[in-house]
Amino acid sequence: MLTIADHQFESRLFTGTGKFANSTTMLAAIEASGSQLVTLAMKRIDFKMGLDDLLSPLQSRGVKLLPNTAGARNAKEAIFAAELAYEMLGTKWLKLEIHPDPKYLLPDPIETLNAAKVLCEKGFIVLPYIHADPVLCRRLEEVGCAAVMPLGSPIGSNQGLATEAFLKIIIEQSSVPVIVDAGIGAPSQACRAMEMGADAVLVNTAIASSANPILMAHCFQQAVESGRKAYKAGLGVVSQNANNTSPLTGFLATRKVS
Amino acid sequence: MIEIYINGERHKLTANITLVEILALKQVAEQSVAVVVNQVIIPRSEWPHYQCQIGDQVEFFSAVAGG
Numbered sequence: 001m002l003t004i005a006d007h008q009f010e011s012r013l014f015t016g017t018g019k020f021a022n023s024t025t026m027l028a029a030i031e032a033s034g035s036q037l038v039t040l041a042m043k044r045i046d047f048k049m050g051l052d053d054l055l056s057p058l059q060s061r062g063v064k065l066l067p068n069t070a071g072a073r074n075a076k077e078a079i080f081a082a083e084l085a086y087e088m089l090g091t092k093w094l095k096l097e098i099h100p101d102p103k104y105l106l107p108d109p110i111e112t113l114n115a116a117k118v119l120c121e122k123g124f125i126v127l128p129y130i131h132a133d134p135v136l137c138r139r140l141e142e143v144g145c146a147a148v149m150p151l152g153s154p155i156g157s158n159q160g161l162a163t164e165a166f167l168k169i170i171i172e173q174s175s176v177p178v179i180v181d182a183g184i185g186a187p188s189q190a191c192r193a194m195e196m197g198a199d200a201v202l203v204n205t206a207i208a209s210s211a212n213p214i215l216m217a218h219c220f221q222q223a224v225e226s227g228r229k230a231y232k233a234g235l236g237v238v239s240q241n242a243n244n245t246s247p248l249t250g251f252l253a254t255r256k257v258s
Numbered sequence: 001m002i003e004i005y006i007n008g009e010r011h012k013l014t015a016n017i018t019l020v021e022i023l024a025l026k027q028v029a030e031q032s033v034a035v036v037v038n039q040v041i042i043p044r045s046e047w048p049h050y051q052c053q054i055g056d057q058v059e060f061f062s063a064v065a066g067g
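Residue numbers (full-length UniProt numbering), protein chains in the order written: chain A, 1 to 258; chain B, 1 to 67.
Just so you know, these hints were derived from the structure itself, not from any lab.
Some hints here could point you the wrong way.
Just the calculated beta-carbon pair ranges, DEER-fashion [to be verified]: (1) B:E9 x A:I169: 34 to 40 Å; (2) B:Q53 x A:S188: 56 to 62 Å; (3) A:I169 x B:I54: 26 to 32 Å; (4) B:N38 x A:P102: 26 to 32 Å.
Even for Gly, the Cβ is constructed at its ideal location relative to N, Cα and C.
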């Protein structure tokens, strides 16, 4: 069981709701993933396009909502977005993301830390999306973040765990849950993150952009579960030399060949 | 009649129209939106009696799919 703030999750796979071809596929994929926490964005309503009721089907499935602050370019905008999300959804849970650069969508560490401090003081449950920076993770813990969400690689890139060495340090040091977010492109990569001891992973693009998102969501569910079990079981030691798994003496060596 | 802006578009509406009345006019379900007037978030509890003034910039936000 994973506990974040006061909430317990049976599933360690969190999912996004973006990029799906339609809401039916998105809901079926979330179902197949077993996810109990899903991210949402916010937007000014386009009255010409009509309103797509995203919330009711998610709420009826009992999944917890995690609004994000995507679009915020600095701490001030992110704090405004957080207040907007609270007013809209009645939740103080927040995926804090501040990425002013549209090409790589890399998070701004200074603005994120500043926003996190203010939002934690206001009683928000802050889950910050950040680079895999162990020092920043410690600082975010100190200001009261409920978890940290270091990236594996740029958002939506499917490049996997490019930051693996730093994720290991974060996992080793962190006293709040570590959720590897962004860039996970294959179930094997999610499994790897969990084997390393990550508390959870957040996956969106890899599921939504698959030719079969529902099957892929199920694959991620199994990979995350398997990775977690492997972590608990304990991986064997990696060594440079071979270590025989079968006895090399007492069979052919002692046999007389006539 | 007064002129106000709703999500950037100019509208001519009756004087003292409330936010709840605008939501009804726009056929927006109240439970899933947030309202900002002149860049200030207006709490849900104030919507029924919040009367719009000439030139107000009213913005409605809703949740959309995202990662």
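Next item on the list: Mind listing which of the numbered hints don't hold for this structure, in increasing order?
Entry: Violated hints: 1, 3; rest satisfied.
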